[in-house]
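Need the complex rebuilt from these two chains, each delivered in its own frame; the hints are there to steer you.
The listed protein sequences correspond, in order, to chains Y and D. Under my numbering, the first residue of the first sequence carries the number 1, and numbering increases by one thereafter. Under my numbering, the first residue of the second sequence carries the number 1, and numbering increases by one thereafter.
Hints were generated in silico from the structure; no laboratory data involved. Be aware that a few hints might be false.
[To be verified] Cross-link-like lysine-lysine pairs, in silico, BS3-like; alpha carbons within 27 Å at most:
#1 Lys156(Y) to Lys301(D)
#2 Lys91(D) to Lys130(Y)
#3 Lys135(Y) to Lys614(D)
#4 Lys284(D) to Lys322(D)
#5 Lys301(D) to Lys376(D)
[Unchecked claim] Chain D is nowhere near these chain Y residues, computed Cβ spacing over 12 Å in every case:
#6 Ala43
#7 Ala44
#8 Ile46
#9 Gln59
#10 Asn79
#11 Leu147
Quick caveat: nothing in here was measured; it's all calculated off a predicted structure. Cβ coordinates follow ideal geometry from the N, Cα and C atoms, glycine included.
If you want the building blocks of each chain, they are given just below.
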Amino acid sequence: MCKNMATSLVRQTKLLSIVTSQFNSAACFRNIHCTAACLKNRAARIRVGKGDKSVTYEQAYHPHDIGHRKGWLSQHTSNLQGEDEAAERVVEDVFIRRFMYGTFHNCLADEVVIKRRGNLLVICAMMIQKLLPSKFYFLIGYSEELLSHFYKCPVKIEMQTVEEKVVYKYL
Amino acid sequence: MASSCSQALRHHVCKSNRILRVYLQKSWPNRSFVLSSAADQPAVSSPEEIVIPRKKTWSKEAVLQALASTVNRDPTASDYRLQDDPYLTPKTSSEFKLFSLSQESGKNAAKYFINTYPKYFQKDYAQPHIPCLMPETLEAQIEEVSEAALIERIQMRKVKAAVDLYDQLLQAGTSVSLDVTNQLLDLICFYGDSDPAQENVPEQRNEETEDIQDEPQAKKGRAPKANDLLKATWKENNNAERIFALLSEPNPHSYSALIRGMVKYGAYSKAFSIYTDLLNNRLKADVHTFNALITAAPEVKEKYNEKWELIVDLLKQMAEQKVKPNLLTLNTVLKALRRCGTLGKSQAFPVISEMKALSIEPSLASYNHLLAIFYKPGAPIQGQTDILQEVMNEVSGKSFTPQDPDDAQFFITALRICLDTKDMEQAYRVHELLGVGENWRLLGNDFQQNIYHARFFSLLCMMENIDVVLKWYRDLVPSVYYPSSNVMRDLLQALDTDNRLDLIPQIWKDIKQLGHGNRQKLVEELLTLMAREKHNQEVQESLAECALDIKKMYDAGDRGKVMLSWTATSLSDLTSVLLAAQRRQDAWEMLKLFKAHNRVPSEELLNKFLTCIKDSGDVDQAVELVQITAGFCLPETPKLIQRVQQEFELSEQQKNILSDLELQTFNSD
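Chain D on its own, in the form it takes in the complex (with noise of 0.2 Å):
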C-alpha cells in the first residue's frame, strides 16, 4: 500500500502544478525530496515567477450580466413596460401612469380568469416546474372545524374566518397550540382585525370616520392629515385582545405581536401597559418588540427630553435583558430623534457610533434620517453643509440593498438638501450613487422618482449655464421624467440667463408635447420673454412662427372650450413679436382681438404699430390705426393723430377724418 501510495504520488507530483508541489514538499519531505530538487530546476532557471490563480466558478448567468453591463440606457426610449411603437409611447406623465395602469389591470383580468377557472391552466408543460405560472386557490380547500384548516385560512390571509374558526373551535373545546395562536394572533394584528382585500376599502372608509373624529383632539401639535383618517385604527376590545385574554399562558411571542400591532394602529399607551404586564409576568421581550416601543416612544410623551429619556431606558432594558439591537433598532431610535428637537442633533452621532461598535451597518435609512435631523425643512441653513458631504463620503461607491422602508426616502431627502443648499457637487454625486449597482431599486414608487427628477432638474437650471442643462435635458426628458408646468418655468428662466432665447420655439414644442400648452402662468411668460428683445432675423422669424402657434392655443377648441383667456400683456407681446418680424397683415388680425376680449393695447404697442406701418408706406392703414385707437378712448390718440399727420403724407380725405377725430378726442378731454 505504502509503494502504490508513493506511486500516485510520484503521478500526481509530476502532473500537478508549483504550488502543489510546495505544499507536498513540507508534507513528504523523504519521498518528494528526489522529486523536488529535479524537478525544481527548470522553474528556478525560469526568470519570472509564474502563479497560476485558482479555479474561477462563474455562475449560469455570469455571461448575460456582464453583456448587460456593456448597455446603457437608451435616453431616446421609452420606459421597459412599454411597447416601443410611437403611437403607444406617453408623452405626458398622466399618460404614462394611464399606460402603465391599464396594462396592469389587464394582467388583473387575466388572473381573474385563470383563477376562477383553475382546470384549464393545470397542464404543465415547464420543466422545472414554474409554480407562480400555476393558478392560485382563493378559496379555503379544509372545510371541517380544525387545526389544520385554521392553519391554511392563516396563510391565505383571510383574518375574518380565521378568527371565526379558532371561536368555533373553542367553543367545541378543541384546545389550539399556542404556536397556532400565535400565528393568528400575529396575523390580527398584522392587518389591524380586518381583511386585507381591496374590496373593503369603501366600507372600513364608514366606519374609521366615526372612530376618528375624536382622535385628531388628542394629538396637539399635529393637525390631522388627510392619510390619518384613511388609516385604520386599533378599536377597542378587537379580536387581538380578546384572544390575548383567553390564553392561559401568553409566551413572549404572543405579547410581542400584540404590541407591535398596537404601535402599528396608533395605540400606543396601550402598548406600553401591555409591556408592563409582560414585565411582571417576568417574561423576556424580543428585538421587534423593543423596536416598536421605541417607535411608540415619541408619541407618549411630550417634551423633547422626556422622550429621549424613555428611549435610553428602553435601550437599557434591552442590553439588560441581553437582546441584541438590529438595524431596525438603530432607525427607529434616528426616527425618533427627528421628533426631538435640537436633543437629535447632539445625540445621533453618539448613537450611531454605538451600533457601529456592535457591528450594525447603517442602511440609507439611518442616513435619511440624520439627514432629516439636521437639515430641517423650511429650517434656515446654518453653516452645516459638512453633514451632507460626510454623508457623501460614507456612502459614495457603495451598493445597498432594501433593508427598511424609509430606504426610499433617502435620495429625495438628499436632493431637497441640495436644492436648499444650492450643492451642485453634491447633487452630482448623489446622482452617481443611484448609478452603483442595485441602488436604482431604492429610488421609490414613480411618485417618488418624479419629486426626484424634478428636484434635480430645477437644481441644474438654477446652477448651471444652458449646456450642461440642455445636455441633462436631453439625457432625462421624456424617457425617465415628464416635468411639469414650474420645472419648464425653471427651464425659461435658465435659458434666459444665458441669453438663448432663440431656443424658445423648440421649447415650445415639448410643452405642448408634454400637455403644458395650456397653462396660462408658464404661456404668458413665455410670450414675455419671446416679446421683451430684438434679435437678428432669422430668430425673429422662428419667434414669429411660434407665436402664431401660441395663437392658436387661445383660439377655442373642438368643443367650443376655451383652454387660455387673453390678457392685455399677452395680446400686446404677441403683437409686439409679430410686429418684430415684419409680419403686418397677423399682427393687424391681433388688434381686432383686442376689440373682441375687451381689451387696451399699450402705448408703445401702438408706437411700434406705427413704426412698422410707416416703414411699408401704407397710409391708409395709419388712418385704420387712429381711428381703431379712437375707438379705444385711449389718452394717446391725440399724440398719435399728430404724429400720422407729421409723418405721413394725407390725402383730402384722410385729413378730414384726422382732423374730425381730433376733435372728437378734444370734446371728450
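In isolation and in its complexed conformation, chain Y is listed as follows (with noise of 0.2 Å):
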C-alpha cells in the first residue's frame, strides 16, 4: 500500500512539474506557490543576527516605533487635509539623499533629515569627520547652490560632525 501512495505521489508530482514546465516556457512566467505565503513586514528592518553587525539608533527601532521612539526624516506640510503635491516632496525627498549620499562619499553617520520652512528647504546632515573640514565647506558650498538652482528655492545645509558613526547596539 506504501509503494501505491508513493507510485501515485510520485506520478501527481510528475504531473505537476510536467505542468509548471509548460507554464515556464516563454508562453507564460507564472509560477505555482506550493506553500503557503509568509506575510512578514520587512520595510526598513535590520533583522537580528550572530551579533557582530553594529547598529544606529535610526537603524535598531523598526517604522512603526516612528513617533514613538524615532522622529520624521522628512518634514513638510503636504500631508495635511487639503493641502497637495506631497508626491513631488516624496521625489524631491528621495533625489536629496542620494544627492548627499553620493557627494559626501562615505562621510554620511545616518540618515539625512530634510526639514522644509516655507520656501526653505533645510538638510540637516550628520557626518563622520574623514574629510579635513575646508574639503567639507567646498562640498557644502558646492550641494547648496546646485540644490538651489535645481529646484529653485534657498537650500541650506546643517551639518554636525561625529568622530564615529554612533553605534546604538550590536545585532
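Here it is, written out as C-alpha cells:
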C-alpha cells in the first residue's frame, strides 16, 4: 500500500512538474505557490543576526516606532488636509538623499533629515570627520548652490560632525 | 441727487471719527451745523481729547524686522556663513579665510556645472519666477553681424568680441548708431580695453610689466608700489581712442567716456587734452567728466597751490557750464586736497560748507578724507584733537548707505587717529556708530575688518584696566576677530600693568588655539613675565603647568621639524618658574637641556637651584649640580662649591669630589 501511495505521489509530482515546466516556457512566466505565503514585514528592518553587526538608533528601531521612539526623517506640510503635491515632495526627498549620499562619499553617519520651512529647504546631515573641514565646506557650498538652482528655492545645509558612527547596539 | 448726497453725508458723519466731522464742518456748514451740535455734545463732556491717529501700513517684513532687532550678536558663535559645529569652526584667522574661501569655490564649481549644462536646470518650480536661480547664458546667442548682436555682447561684457564685431560692422558698411557706439566706448573705457574675465590675468601681467618700466620714473615723489605694477594702464592708440577718432560727431557722452577711462587707467595729461578738445568743439561736459578731471588734477601739477588753482578753475568752469556738482564731486575735491599739504587744511572746511549750501550731504568718505587731511599718518599731533570730536558729533546716531567706495575707509582712519592720539572716548563713539542701522556694511572686507579690530583692541589694552579689556576680549575673540601675535603681546602688557599675571595660563591656551604658539618673541615674553615675580602657591602651580606645556612646544614636532629654538633666557625663565613651584625633577630635566642646546645657565639660576635643593635636603643632587656647573666652566663654580661645603653635610667621598673640582677650577683660573 505504501508503495502504491508513493508511486501515485511520484506520478502526481511528475504531472505537476510537467505542468509547471509547460508554464515556465516562453508563453507565460507565472509560477504556482506550493507553500503558504509568509506575510512578514521587511521594510526598513535590520534582522537580528550573530551580534557583530553594529546598528545606529535610526536603524535599530522599526517603522512602527516612528512617532513613538523615532522622529520623522522628512518634514513637510503636504500630508495635511487640503494640501497637495505630496508625491512631488517624496520624489524631491529621494533625489536629495541620493545626492547627499553620493556627494559626501562615505561620510554620512546617519540618514539625512529634510525640513521644509516655507520656501526654504533645510538639509540636516550628520557626518563622520573623515574629510578636512575645508573640503567639507567646499562640498557644502557646491551642494547648496546646485540644489538651489535645481529646485528654485533656497537650500541650506546644517551639518554636524561626529568622530565615528554612533553605534546604538549590535545585532 | 442732492437728497441722496445728504443722506450719504449723514451716514458718513455718524460713522466717522471726530476729525472727519471737523473737516465736514468747514466744507458743508448748512447741513452739518445741526448734526455737529448734536454730535459734539458727548465729545465736549469727555475730559480728555481723543486723537485717533492715521492708519499705519506695515511692510511685509515688519514683524521679522522687529523680531530681528531683539536678537544681538552671539559672542560664542562663529560667523554666520560657517557651520555651527566644533570640528567645522575656525580657530585662527587663516582657517577662517580658508573655510570661507573653500565654500565660495564650491559655489563657483556648482555655477560652472549649472552654466555648462543649462538644460537640466530649466524647469521652473518657483512662483513668482526667481531669475537669479536660472542658469546664465555665457555665450552670445545672436550670431549675425548686426547692431543687436553688438548690444548683446556689450551687455555680456565681452570687450574684445564687441570691438571685433564693431569693426566688422563698419567694414560691412552698416553705420552704428551713436548711442550704441557710446555704450561700446563706455565698455572699453571701463575695462581698459581688456576682458574682465579672470583667466586673462596671468597673461596681462607679462604685458604690463614691460610697459610700466617707463612709468615709475615719470612719477617723482612716489616710489612704484606693488599694486601699481599689477594695475593695467592706458595703452597708446588703443581701441577706445581709435573708435573715438572714427566718430564723425562725438557727443558729450563719448568725450565723457574717454576722459573717465583715461583717468581711471592713469593717462592724466591725455585726459586734459581731450577735455580741451571738448571745449574747442563748444560742447558741455557732464558732472562725471568733471569728477574725473578733478581726480586727475593733482597728478598733472607738482606744486600744491598749482594743484589747487587747477581744481578751482575746473569748479568755476563747472559753474559756468551750469553743471550741478554731486557727492562724488565733493569727495574727489577733498581727496585731491589730501595731496595739497597745508593748503588742504585751510580749504577743506570752506569746500564742505559750499557743498552743504548746494544741499549735498557729506558721506562717510568725505569725513574720511577730512580726517586724513588733518591727521597725516606719522606726523606729530599738534593740538588738533577737536576735529575728530567734531566729526563724531556730526556723524553719531546717523545711519549711512554706501555711496562712495572710500566710505569703507572711514572707520579704519578714525581708529588710527584714536590710536595715535590715545583717545578712548572717541574710539567708543566710533564703535557705537558701527552699531547704528546699516553702518556695519561700511566696515569693509575681511582684511579691513581685521585692521579695525586690531587697532581697537590695541587701544583698549593700552588705555583701559584689565577687567574692561577682558570683557571686550571675551566679546570679540574669537567670534569676530582673530588677534595677531602683536595684539596678544599688547594683551600681555595689559595683564602685566594690572598685576594679573595669574591669568597667563588661560591666555596661553588661547594663544595656542589661535596658532601663535610657535612665535618665538611671544613665547619668550610670556616666559619672562611668568618668571619675574613670586606668586602664591596655587598661582605658582598653574604657572608651572603652563610652563611645562610651553616646553612641549619647543620639542621637535611629529615630522622632526623644530618650531622654536631655545635661548639662554627662555631656558632660565622656564627653569625658575618650575623651581618656584618646587618641581625639582622637571627643573633637573631642564638643566640637561642646557647642555644639549649649548646654552649657559646664569648664576642666579644656579643659586636658586641650590636653595631649592637645600630645602629638600638631597645632598647627592647638590654635588651633581656642582659637577654640572664645573662642566660649564663657569666663573661661579668656586662660590658654589664653597656654598655646598658650608650648607650641606657631606660624606667623605663627596668632600673628595668637591675638593677635586675646586682644584680643577683653581688650575684653570
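**Asked** Does the structure keep Lys301(D) and Lys376(D) at a Cα separation of 27 Å or less?
**Response** holds, 21 Å
**Prompt:** Does Ala43(Y) sit more than 12 Å from chain D, CB to CB?
**Reply:** holds, 30 Å
**Agreement of Lys135(Y) and Lys614(D) with the hint, judged by alpha carbon distance not exceeding 27 Å** = Distance ~58 Å between Lys135(Y) and Lys614(D) Cα, so the pair is violated.
**Request:** Report holds if the minimum CB distance from Ala44(Y) to chain D is greater than 12 Å, and violated otherwise.
**Result:** holds, 28 Å
**Prompt:** Has the given pair, Lys91(D) with Lys130(Y), been kept, meaning a C-alpha gap of at most 27 Å?
**Reply:** Holds, at about 19 Å.
**Prompt:** Is the Cβ of Asn79(Y) farther than 12 Å from every Cβ of chain D?
**Reply:** holds, 19 Å
**Request:** Beyond 12 Å from every chain D Cβ: check whether that's true for Gln59(Y).
**Result:** holds, 23 Å
**Item:** Minimum Cβ distance from Ile46(Y) to chain D greater than 12 Å, as the annotation requires
**Value:** Nearest chain D Cβ is 28 Å from Ile46(Y), so the label holds.
**Message:** Is the claim that Leu147(Y) lies outside the interface with chain D correct, judged by CB distances over 12 Å?
**Reply:** Label violated. Min Cβ-Cβ 9 Å, cutoff 12 Å.
**Prompt:** Straight-line Cα separation of Lys156(Y) and Lys301(D) no greater than 27 Å?
**Reply:** violated, 55 Å
**Asked** Within 27 Å, alpha carbon to alpha carbon, are Lys284(D) and Lys322(D)?
**Response** Roughly 9 Å separates the two Cα atoms, so the pair holds.
The structure fails hints 1, 3 and 11 (numbered hints given earlier, in ascending order).
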